[in-house]
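Since chain A is already given, all that's left is putting chains B, C and D on it; use the hints.
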Amino acid sequence: MSIQLLYFAGLREALGVATEHLELPAGVDTVAALRELLAARGSPWTALVTTKNLRAAVNQKMAGPDTLLQAGDEVAFFPPVTGG
Amino acid sequence: MSIQLLYFAGLREALGVATEHLELPAGVDTVAALRELLAARGSPWTALVTTKNLRAAVNQKMAGPDTLLQAGDEVAFFPPVTGG
Amino acid sequence: MSVTIQAADFDCGQEIVAITKGRDDIGAIASFIGLVRADPLAGEKINAMTLEHYPGMTEKALAEIVAQAKSRWDLQAVRVIHRIGRLVTGEQIVLVVVAASHRGSAFAACEFIMDFLKTKAPFWKKEETTHHGQWVEARDADESAADRWTK
Amino acid sequence: MSVTIQAADFDCGQEIVAITKGRDDIGAIASFIGLVRADPLAGEKINAMTLEHYPGMTEKALAEIVAQAKSRWDLQAVRVIHRIGRLVTGEQIVLVVVAASHRGSAFAACEFIMDFLKTKAPFWKKEETTHHGQWVEARDADESAADRWTK
Chain A
1 MSIQLLYFAG LREALGVATE HLELPAGVDT VAALRELLAA RGSPWTALVT
51 TKNLRAAVNQ KMAGPDTLLQ AGDEVAFFPP VTGG
Chain B
1 MSIQLLYFAG LREALGVATE HLELPAGVDT VAALRELLAA RGSPWTALVT
51 TKNLRAAVNQ KMAGPDTLLQ AGDEVAFFPP VTGG
Chain C
1 MSVTIQAADF DCGQEIVAIT KGRDDIGAIA SFIGLVRADP LAGEKINAMT
51 LEHYPGMTEK ALAEIVAQAK SRWDLQAVRV IHRIGRLVTG EQIVLVVVAA
101 SHRGSAFAAC EFIMDFLKTK APFWKKEETT HHGQWVEARD ADESAADRWT
151 K
Chain D
1 MSVTIQAADF DCGQEIVAIT KGRDDIGAIA SFIGLVRADP LAGEKINAMT
51 LEHYPGMTEK ALAEIVAQAK SRWDLQAVRV IHRIGRLVTG EQIVLVVVAA
101 SHRGSAFAAC EFIMDFLKTK APFWKKEETT HHGQWVEARD ADESAADRWT
151 K
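Chains as they are written, first to last, in the numbering used here: chain A, 1 to 84; chain B, 1 to 84; chain C, 1 to 151; chain D, 1 to 151.
Simulated from the structure, these hints should not be mistaken for lab results.
The model shown is predicted, which means the values in this text are computed figures rather than measured ones.
Backbone N, C-alpha and C define an ideal beta-carbon position, used for all residues, glycine too.
Be careful, since some hints might not be right.
[Claimed, not checked] Straight-line Cα separation of at most 27 angstroms, DSS-like style, residue types lysine-lysine; simulated pairs:
1. D:Lys125 x A:Lys52
2. C:Lys151 x B:Lys61
3. C:Lys126 x B:Lys61
4. A:Lys61 x D:Lys21
5. C:Lys21 x D:Lys126
6. C:Lys125 x B:Lys61
7. D:Lys125 x C:Lys21
8. C:Lys60 x B:Lys52
9. B:Lys52 x C:Lys21
10. D:Lys21 x C:Lys45
11. A:Lys61 x D:Lys125
12. C:Lys125 x D:Lys126
[Said to hold, decoys possible] Covered stretches of chain C, going by a simulated chain B footprint (3 or more residues, C-beta under 8 angstroms):
13. 53-59
14. 82-96
15. 116-125
16. 129-137
Chain A on its own, in the form it takes in the complex (with noise of 0.2 angstroms):
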């Protein structure tokens, strides 16, 4: 199954993307197992795993480690927010 992935703010800059189309590989249907998938690219993916308190969205709706991906989802990686 395909999703939309997202990385904002430091995150952004340190991947050097913003956005991409990714085809998830049989077995990867957590937010958790996507973060291990993506740190496996190696450096600077590594930071999936080592940043610390990095949060995830699903379809726009902070999520947990457990929670499951489904075909079209919209997956955001991103630091702690500091707006206001």
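Then chains B, C and D, alone, in the frame of chain A:
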């Protein structure tokens, strides 16, 4: 000794007086004694002792029953404040 | 001048501009506006109210409240405007603007000033409907609100 | 529309007029403005910051925060404006205006919205000095401020 008296809001309306100069008789030298003196004028002045939570200020500072009066003082009586 | 008693209306935006103009050290501005509400009174709706005050003492009381706020919190600017005279429903009565580096201090000081203004500043409101006029009674809730700061 | 994300500046006074115009039931308006402060960074002064956000999710998060505030307090109107893009020191970043019958609700809801906006709305600040740029780190104090509302 003589003092300046001021009345505000509902009390001013009840008394029909906003300000007066008053020559204090000997022995009337506290806020409490002044209230008794004024109340002794009879209705509507009894309000000075019967009004619930009546406030007093001496020289524009909140005063209690025991606050001492001196010649030339400005003494004000008024209901609890309701601004804002 | 941080405290003004006036009959004229005020503009919160203009007062904020006056406080912030040319400064780059303010991080947070909390403000409060009180308005005349068309509450029911004696079976009718309130049309207006008249604000009476004690000239001289009012200014001193407000200056003292602002000084207390400045001693409790690290504030960069405080502006208080309180109107007097007759105001119809929907009109603005009071404005308190507090500028600080951080929002916690700005919010706390703004609420503190309002709580003490409501219980310590010599203003009195007389509400009017078409057929009635009545002096507003002090609310116990306002005393409680002010008391919590002394704990 | 109670929530707006925009690059343009805002006027607190105009927003308050828009909320109160033609109404006579509002007694209290609490508002908050956050500004860009010239704090020190890497031995220099901050000149500006750039606000990034997550289009779509930001609007949803803010609408959710406003809905929560409305469910906790009896509010008559809420207005939130958050700017994005590059802002220099002294510029306004965020505005929250809350109208209610009584001041306690207005103050509490305004502070609640700011606390949750700071921890739940997907905005990120990058500060810049003449020679440096640095993403702002989330403050533990902001998490604590938001946590107190869940007690």
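Need the status of pair C:Lys126, B:Lys61: alpha-carbon distance at most 27 angstroms? With a Cα-Cα distance of about 23 angstroms, the restraint between C:Lys126 and B:Lys61 holds, given a limit of 27 angstroms.
Keeping to a limit of 27 angstroms between CA atoms, is the pair of B:Lys52 and C:Lys21 held or broken? violated (47 angstroms)
Below or equal to 27 angstroms on CA atoms is what counts here, so check C:Lys151 against B:Lys61. Roughly 23 angstroms separates the two Cα atoms, so the pair holds.
A:Lys61 and D:Lys125 were given as a pair; does the straight-line alpha-carbon distance stay at or below 27 angstroms? holds (20 angstroms)
Count the residues of the segment 129-137 of chain C whose CB lies closer than 8 angstroms to any CB of chain B, then report whether that count reaches three. Holds, because 3 residues of the segment 129-137 of chain C bring their Cβ atoms closer than 8 angstroms to Cβ atoms of chain B.
Decide if the proposed pair is consistent with the structure: D:Lys125 and C:Lys21, CA atoms, cutoff 27 angstroms inclusive. This hinted pair holds, its Cα atoms lying about 23 angstroms apart.
Mind checking the alpha carbons of C:Lys125 and B:Lys61 for me, to see if they're no more than 27 angstroms apart? holds (20 angstroms)
C:Lys21 paired with D:Lys126 [C-alpha distance capped at 27 angstroms]: holds (24 angstroms)
When you check the alpha-carbon spacing of C:Lys60 and B:Lys52, does it fall within 27 angstroms? holds (25 angstroms)
Verdict on chain B covering the segment 116-125 of chain C, criterion of 3 CB contacts below 8 angstroms: Check passed, 9 qualifying residues.
A:Lys61 paired with D:Lys21 [C-alpha distance capped at 27 angstroms]: violated (35 angstroms)
Outcome, coverage hint (the segment 53-59 of chain C, chain B; C-beta under 8 angstroms; three residues): With 4 residues close enough to chain B, the hint holds.
Taken one by one, the earlier hints fail for this structure at numbers 4, 9, 12, listed in ascending order.
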